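Make a model of the complete structure from these sequences and hints.
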Amino acid sequence: MGRITIAIDGPAGAGKSSVSKGVAEELGYIYIDTGAMYRALTLISIEENIPPDNGPALAERLKSLDIVLSPGKVHIGERDISGDIRRPEVSALVSEVCAHPEVRRELVRRQREMAVGGGVVMEGRDIGTVVLPNADLKIFLT
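Just so you know, we're using our numbering here: the sequence shown kicks off at 1 and counts up by one.
In case anyone wonders, no lab produced these hints; they're calculated from the structure. Being a predicted model, the structure only gives us computed values, none of them experimental. The C-beta atom is built at its ideal place from N, Cα and C for all residues, glycine as well. Where hints are given, some of them may not hold.
Computed spacing ranges between beta-carbons, pair by pair [unchecked claim]: (1) 47 <-> 142: 34 to 40 Å; (2) 12 <-> 47: 20 to 26 Å; (3) 53 <-> 118: 33 to 39 Å; (4) 26 <-> 88: 30 to 36 Å; (5) 25 <-> 56: 35 to 41 Å; (6) 56 <-> 26: 38 to 44 Å.
Next comes the structure, spelled out in structure tokens:
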């Protein structure tokens, strides 16, 4: 059997990140934290004074935003923002940023592209239902 796509879903605090990282490491798969992508855009909105309630402006900025995920790291282009996206001010606004349909559409598109070819463990809310509804394996943590 070839490399599969694994979707790990569940509410905040259910252990999605820990389980996903462990599964990816054990299988030699790529781990993708979809929430980090929303946090990256939120960080940029703060730094560039884009109001978090302005979905069209956020979506426009996202078009040119090069978000790169690697094991344990998040970059925008060459800049490592791994620590910055965990700041309290980002946490306070991320749910507002990710609520915009146009932002969500673009990030879901990117996430689906990352999953092509399998060998991926992707975690986040709505991963098994919205982002990867046809994942080979879906796990919902409670």
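Cross-check of the supplied hints:
For the hinted restraint 34 to 40 Å between residue 47 and residue 142, the CB-CB distance of approximately 36 Å keeps it satisfied. For the hinted restraint 20 to 26 Å between residue 12 and residue 47, the CB-CB distance of approximately 25 Å keeps it satisfied. As the Cβ distance of residue 53 to residue 118 is approximately 37 Å, the hint placing it in 33 to 39 Å holds. Taking 30 to 36 Å as the suggested C-beta distance range, the pair residue 26 and residue 88 conforms, at roughly 33 Å.
Separated by about 39 Å at the C-beta atoms, residue 25 and residue 56 satisfy the suggested range of 35 to 41 Å. Checked against the given bound of 38 to 44 Å, the beta carbons of residue 56 and residue 26, roughly 42 Å apart, stay inside it.
Going through the hint list in order, the structure satisfies each hint without exception.
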